[in-house]
Each structure stands twice: as structure tokens, then as C-alpha cells.
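Protein chains in written order, with the working numbering: chain L, 1 to 207; chain C, 1 to 207.
Some hints here could point you the wrong way.
[Unchecked claim] Per the computed footprint, the stretches of chain C lying under chain L, defined by three or more beta-carbons under 8 Å from a beta-carbon of chain L, are:
1. 99 to 111
2. 179 to 187
[Said to hold, decoys possible] Listed next, the in silico EDC-like pairs over lysine to aspartate or glutamate satisfying Cα-Cα at most 20 Å (straight line):
3. K189(C) with D144(L)
4. K46(C) with D144(C)
5. K118(C) with D169(L)
6. K178(C) with D144(L)
7. K178(C) with D77(C)
8. K189(L) with D144(C)
9. K118(L) with D169(C)
10. K189(C) with D144(C)
[As the list claims (entries may be wrong)] To spell it out: a stretch of chain L is covered by chain C in this simulated footprint if at least three of its residues, at any positions, have a beta carbon under 8 Å from a beta carbon of chain C; those stretches are:
11. 104 to 114
12. 141 to 149
Hints listed in this document are in silico derivations from the structure and should not be mistaken for laboratory results.
Virtual Cβ for every residue (Gly too), placed ideally from N, Cα, C.
Protein chains: 2
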Amino acid sequence: MKTRDRIVQESLTLFNQHGERPITTNHIAAHLGISPGNLYYHFRNKEEIIHQIFRNYQEYMREHLRIPETRVLEPQDLARYLDASFAAMWQYRFLFYDLPGLLSRNQPLQDDYHAFVKHELAPLLAQAFGQFAAIGFLNMAPADIMPLATNAWIIVKFWFPFRQTIRPDTPISEETSKLGVRQVLALLKPYVQPDFAEVFAGIEAQY
Amino acid sequence: MKTRDRIVQESLTLFNQHGERPITTNHIAAHLGISPGNLYYHFRNKEEIIHQIFRNYQEYMREHLRIPETRVLEPQDLARYLDASFAAMWQYRFLFYDLPGLLSRNQPLQDDYHAFVKHELAPLLAQAFGQFAAIGFLNMAPADIMPLATNAWIIVKFWFPFRQTIRPDTPISEETSKLGVRQVLALLKPYVQPDFAEVFAGIEAQY
Numbered sequence: 001m002k003t004r005d006r007i008v009q010e011s012l013t014l015f016n017q018h019g020e021r022p023i024t025t026n027h028i029a030a031h032l033g034i035s036p037g038n039l040y041y042h043f044r045n046k047e048e049i050i051h052q053i054f055r056n057y058q059e060y061m062r063e064h065l066r067i068p069e070t071r072v073l074e075p076q077d078l079a080r081y082l083d084a085s086f087a088a089m090w091q092y093r094f095l096f097y098d099l100p101g102l103l104s105r106n107q108p109l110q111d112d113y114h115a116f117v118k119h120e121l122a123p124l125l126a127q128a129f130g131q132f133a134a135i136g137f138l139n140m141a142p143a144d145i146m147p148l149a150t151n152a153w154i155i156v157k158f159w160f161p162f163r164q165t166i167r168p169d170t171p172i173s174e175e176t177s178k179l180g181v182r183q184v185l186a187l188l189k190p191y192v193q194p195d196f197a198e199v200f201a202g203i204e205a206q207y
Numbered sequence: 001m002k003t004r005d006r007i008v009q010e011s012l013t014l015f016n017q018h019g020e021r022p023i024t025t026n027h028i029a030a031h032l033g034i035s036p037g038n039l040y041y042h043f044r045n046k047e048e049i050i051h052q053i054f055r056n057y058q059e060y061m062r063e064h065l066r067i068p069e070t071r072v073l074e075p076q077d078l079a080r081y082l083d084a085s086f087a088a089m090w091q092y093r094f095l096f097y098d099l100p101g102l103l104s105r106n107q108p109l110q111d112d113y114h115a116f117v118k119h120e121l122a123p124l125l126a127q128a129f130g131q132f133a134a135i136g137f138l139n140m141a142p143a144d145i146m147p148l149a150t151n152a153w154i155i156v157k158f159w160f161p162f163r164q165t166i167r168p169d170t171p172i173s174e175e176t177s178k179l180g181v182r183q184v185l186a187l188l189k190p191y192v193q194p195d196f197a198e199v200f201a202g203i204e205a206q207y
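The following block holds chain L by itself, in its conformation from the complex (with noise of 0.2 Å):
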């Protein structure tokens, strides 16, 4: 691996690990045993690292929950989508425990989060959930959509911060994730049609 790429996985681990406060740019070169010097050779800060992990964070999620072009979404999407967000809040954990102060030291990193929020992440959500009430899956008034989505939206971007604060003495894992999904669905449930019942049924037992 190169060696940027392995300063990126690395920090990655150690701020999730401890927290991204704690952890400096001399911390992770006598992590990765490389110079402080070779270190700079790629990241002038800290602040860049991070700014290259929400990249890594972005790319996974655009990835992952794509709306596909040829056929409309089932209600087996839903489970992947929640399979794939937690599994990225989980992998990228650190940057949602304080988002506010990591954005509001890094212009740059503000700029982007903000891009991607209202240009990919707000409208794949209006559009999952719209194609869900289509099919019949959901029954949602169109009115709706959005304030269920977004309560979605926060359950799963702060479940692990909500899960630790709770639980100090429950350390969290990625088995906590499944109890997030039960959160989600538990949110979707009373919009469920019948005719799906089954289906959703089926979903809930996986979790």
C-alpha cells in the first residue's frame, strides 16, 4: 500500500479508536513508524487527513446507495440501503461524533459535507422514499416523505454517538448496528401497506 493511503487507513483507526481530538500528525507517523517529515510530504495537517477520510466516506456511500437506473427500487433495497449506511457510519464512526466542530474548523471540508448533503444525500433520500410510496411499499402522503426521511436521516447518522453516551459501559460494536436498523424499521413500520406485511416482516427477522 502507499504510504498515503496507508496514513489515511491508519489515522483512521486511531480516531475512531480514540477520538480525533487526542490523536496528532506525530501520533500517527510513530504509529505508522515514518517521519514527521514524510508525513508532511502528503498531508500538510491533520485537517487534510480528515478532509481524504470524508472522501473515502463520500466515494463508499455514493457507492453503495445509488439509485439503480434500470428498474425501481423493492423493499429488499431498504435492508441494503441500512446494511450500507450503518456499516459506513460504523467504518467512518469518529466524524459523526462531532461533526459540528470538525466542519466548523475546516472551511474546505464544511464546503463539501454541505455539497454533498444537498446535492446527493437529501435528494437519493426524497427519491428512495418517494420510489417506496410508489410501489406501493410505504404508504406515505407526499407531504410526509420528507420529515420521515429525515427522521431516518438522524437516527441513523447518530446512533453510535446516542448508543456510547448511553451505554459508556456497553462498549460499541458493529453488532450495535443491527439495534440501529430496528430503530429505523420501527419508524417505517406504521407505514407499511398491508400487502407487504409479510415482506417487512421478513426484513425485521434479519436483525
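Position chain C relative to chain L; hints supplied.
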């Protein structure tokens, strides 16, 4: 006002404005026009000030979210609870911007927060939602109560950091609370019994 109380109040203002991270005890002392030595007479370090701010938040919550002993809850109590909760989230918003970080750096705060969640907040949520089910306001199976209450909790707790990060160009304000209340009402709407539809619409119209 006593110096100790002024330190707590002005620290809260500074933390809410700038985040807690860049504010040092020297900033706080300078802002109050007192010497660092005077500040250290009252608080050994910044973490102790944060802990006192948490205790004030806790007092506020206890006072405003107490379940009445002499009557059952009515639908209008839902609006009152949401108003009080969002008011607390606004007034103490910095606490919830990086709560995992604050707790991980401050074991006494973590212990207090955990005890508060376990012995007060979670039981309160269960009781309030249980009473809303018992009076026929919200139609929930017993097994649905905690997942629903937890979703409401997550939305309230993370509403301000959510809005702040998805719309960095629209600064959050007290008005943002109203949008948050609407998100929680959207969450609860499918559970409202027909007999209470009009009362619920009246609550919605308040926001």
C-alpha cells in the same frame, strides 16, 4: 450574582457560541474581567465548569419533565414536554455537539450522565409514553413503546447538531426548535388514535 455563578453562566455562553474546544479557562477569566487565580479558586479546571453546567441542565430537566403525581398526562403535556426539552437542548446545546468526547475526557461527568440516563431519563420516557398509550392518545403495543420513545429521544438530542451540519449557511436559532418539534410530531402522528386527531392537529398548529 456570585462569581461562581457568573463563571458558569458566561462559560455556557462562550461554549455555545464557539464550541467548548477553543475556549480555555484564561478566555473565560478574561471575558469576566477576573484573574485566572480567582477562577481557579472556584473551579480547578474547565472540566469542572462543564460538569456544573451539566448539573444545571439536569436540574432544568428534572423540574420541567417531572411526571405529575396527582393526575395522568394529557395530550397537551406532550407539547409542554417537547417545548421544555428543545428549550434545554438549545440552552445547553454545546453539551450535545460532542458529548462522546466530553464524557470520555471526564469520568465523573460520564458517571453522572450515565446515572441520569439510566435512573431518570429512560424511566421518564417509558412512563410518559406509557401514559399516552394508557389514555388512548397514542396507540402502541407495549413492545413498541421503547423503540418509539428512543427514536423521539434521538431526534430531540441531536436536532441542533443535525441542522447545524446540514445547513451551515443557515445559523441555528431558537426558532430551529419549532422545526425539531415538528419532526417529533411527524414521528408520533401514525400512532395518534382517531378520537385524538383533532387535539393532535391543534398541537401541530402550534409549531
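Contradicted hints - numbers only: The structure conflicts with hint 4 only, although it agrees with all the remaining ones.
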